[in-house]
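Top line first, the protein sequences correspond to chains H and W. Per this note's numbering: the first sequence ends with 329, consecutive numbering throughout. Per this note's numbering: the second sequence ends with 433, consecutive numbering throughout.
No false leads were mixed into what you were given.
Covered stretches of chain W, going by a simulated chain H footprint (3 or more residues, C-beta under 8 Å):
hint, region
1, 217-229
2, 244-256
3, 260-271
4, 283-290
In silico negatives: residues of chain H with every beta carbon more than 12 Å from chain W:
hint, residue
5, 73
6, 88
7, 90
8, 98
9, 144
10, 155
11, 306
12, 314
13, 318
Think of the hints as simulated: they come from the structure by calculation, not from any bench. Glycine residues also receive a C-beta, built at the ideal position from the N, C-alpha and C atoms.
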Amino acid sequence: MFDYQFLLEVLIGGLLSGVMYSLVAIGFVLIYKTSGVLNFAQGAMLLFAALTFVSLVERGTSFVVALAATLAVMIALGIAVERAVLRPLVNQPPITLFMATLGLSYIIEGAAQLLWGTQVHGLDIGVSDIPFDVGGVFISRFDLFAAAVAGSLVALFTLFFRYTRTGLSFRAVADDQFAALAVGLRLPRVWAAVWTAAGIVALVAGLLWGARLGVQFSLSLVVLKALPVLVLGGFDSIAGAIVGGLLIGATEKLAEVYVGPLFGGGIEAWAAYVVALALLLVRPSGLFGQKLVERV
Amino acid sequence: MTDVLLSVEALAATYNHSIRAVSDVSFSVRRGEIVALLGANGAGKSTTLQAVSTLLAAQRGQVTSGRIIFDGRDIRSATAAELVRAGVVPVLEGRHCFASLTVEENLIAGAIGRDARRSEIAADLERVYALFPQLKERRSSTAGLTSGGEQQMTAIGRALMSRPRLLVLDEPSMGLAPLVVEGIFRALKQLNTEQGLSLLVAEQNSTVALRFSDSAVVLENGRSVLAGRSAELRRREDIKTLYLGGSAQKDARPTELKPALV
Ligand SMILES: Nc1ncnc2c1ncn2[C@@H]1O[C@H](COP(=O)(O)OP(=O)(O)OP(=O)(O)O)[C@@H](O)[C@H]1O
Ligand SMILES: [Mg+2]
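Bound conformation, chain H alone (with noise of 0.2 Å):
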C-alpha cells in the first residue's frame, strides 16, 4: 500500500527546503531586474555575509550586534560595488558586466579569506532541527522557521517596493531603464539601493545556509542550486523565483526519495537541472520570465 503520509513528509520537506533556493534565486532577480546582468558574485557575498557574521560571533560579539555590524558591511558592500564597478561600466553591453561580477566574486572572495581565514565555522542560530509531528507527519522545525523568515523577507521587499520611493524607482528602472534616465532618475542610487538590498537577502540566505551546511567557502556554491530556479521561474521575475524554489525543492526530494533507488540513489544534486533543462526547451523565458534568457 502506497504511503500517502510518507509522500507527504517528504514533499513537505521539499518545499521548505525550496524556499531557501528562492532566497538564493530572489538575489539575483533584484539586480538582473535593474542592470540586466547576472550577478555571478551573489554567491560570494552569500559566503561573505555569513562568514563576517560567524566570525564576529566567535570574537564574543553578541548575536544582535553581530547581525546589525553585518548588515552595515553589506551595505557599504551594496555602494561599494555601485562606486567601483557598475558606474564606470554603464552603458557597456551586459557581458561586459556579467565578467565583472565574475571578477566581483573572485575579490570578495579572497577579501573574505584575508579578513576571516579559511577555516570551516559551525553557525548555531538557535534554532534546533528537531522535527515535530503535525497529525503524523513530521516536519522539520529548522526548515519551517528558514521558511518564516524567507517569507517575512520577501513579505517587507513587497512592500518596500509597492510603497516607497525608492521601491518606485525600482520598478520603473526595472521596466524601463532608458525612460528612467530620461523622467531624471538618479539610476546609481537605484542601483546601489538594489545591490544592498541583494546584500541583505545574502545575508539572510547565508546565515540560513550556513546553519545548515556550516560556513565555509563552499557555501558560495549554493548559487548552483539557484540556477535551475532562475532558468525555471525566469531571471526578472521575482514571484517566479518563489514559485521556482518551490518546484525545484519539491522535485529534488520526491526525484531522490521515488526516483533515486532506480538510479542507485544520489540523484538530488541534479535532478533539478533535468528539469530545468527539460523546461529551457519548451519556454525559454521561464515560467514567469519576459525578457529573453540569451540576454545574459
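Given the coordinates of chain H, work out where chain W with the ligands should sit on it, guided by the hints.
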C-alpha cells in the same frame, strides 16, 4: 537674460564613434516658443533631441562637435538627471511608459525625477489630470495595457510632473489616429499659451507640426537645411516633396490602435 532659451550650434554626433548620425545642425528655441523639428526617416531628429537631453550616451552615441546652450549654460557634460532638474525634460519617441506601473505611478515617477515633495506631487497630479481628464479615469490601470493615445498622454504627463521649462518631444503623433494626434497637440498648445511653456517637437507629421508651431527647422541627412516661421513654411507646398521623404500625403499616418477619443 536673453530671449533664447536653447541654442544648438553646428551639432555633430555619432553612434559607436563610427556611424555619423548628425553632421551639422543649428537652430534655437526662444522662450515661450514652439519649435518643430521636421525631417524624413533617419534625418537625425531623434539624435538631435537626445543630444539636447544628454541621452545619447545611453544609446552609445556621442556629440563630436558643436555646442548646446540651455539658458546660457553649456549642457553637453550635464547628466540627464541634472538636466531634468534644470528644466529640460524629454518625452521619448515611442512613449516609453513604465509598462508594469499604473498610470499614476508613471506620473509620480516623473515627480520623483525632480525630487518633488509630497504636497507638490498631489498638486501637479491634479494639474495633469485637468489637462488630460482621460488619464484620471485610467489612473490605476497598468500603463502597458492602456491605448496608444493614453500612453502618449501618460508620457507627456510624466514629463510635466518634472515642471519643465523646455519640453522636448520626439514624434508624439507616432502611431496614433488623427483625432488623437489633434487632441495631444491641442493640449501642448494650451500649455504653451497658458503657462508660457517652451516646446521643441520632432515630427514626421509636418502638417500638424507646422499648424501648431511658431517656427520650424527641417533636417535632411543630418543637416539643418531650412528654417523659418511655420506659417510661411506651410504655404510652401514643395517642402514636403523636397525634404520630408516623398508624397504630400505623408501626414495620413497608419493608425495601429483603436481610435480612442481624447
Ligand atoms: N542607436 C543607434 N545606433 C546606431 N545608429 C543609429 C542609432 N540611432 C539612430 N541611428 C542612425 O542615425 C541616423 C539618424 O537617426 P535618427 O533616429 O536620429 O533619425 P530620425 O530623424 O529620428 O528618424 P525617424 O523619423 O525614423 O525616427 C540614422 O541613419 C540611424 O540609422
Ligand atoms: Mg526618430
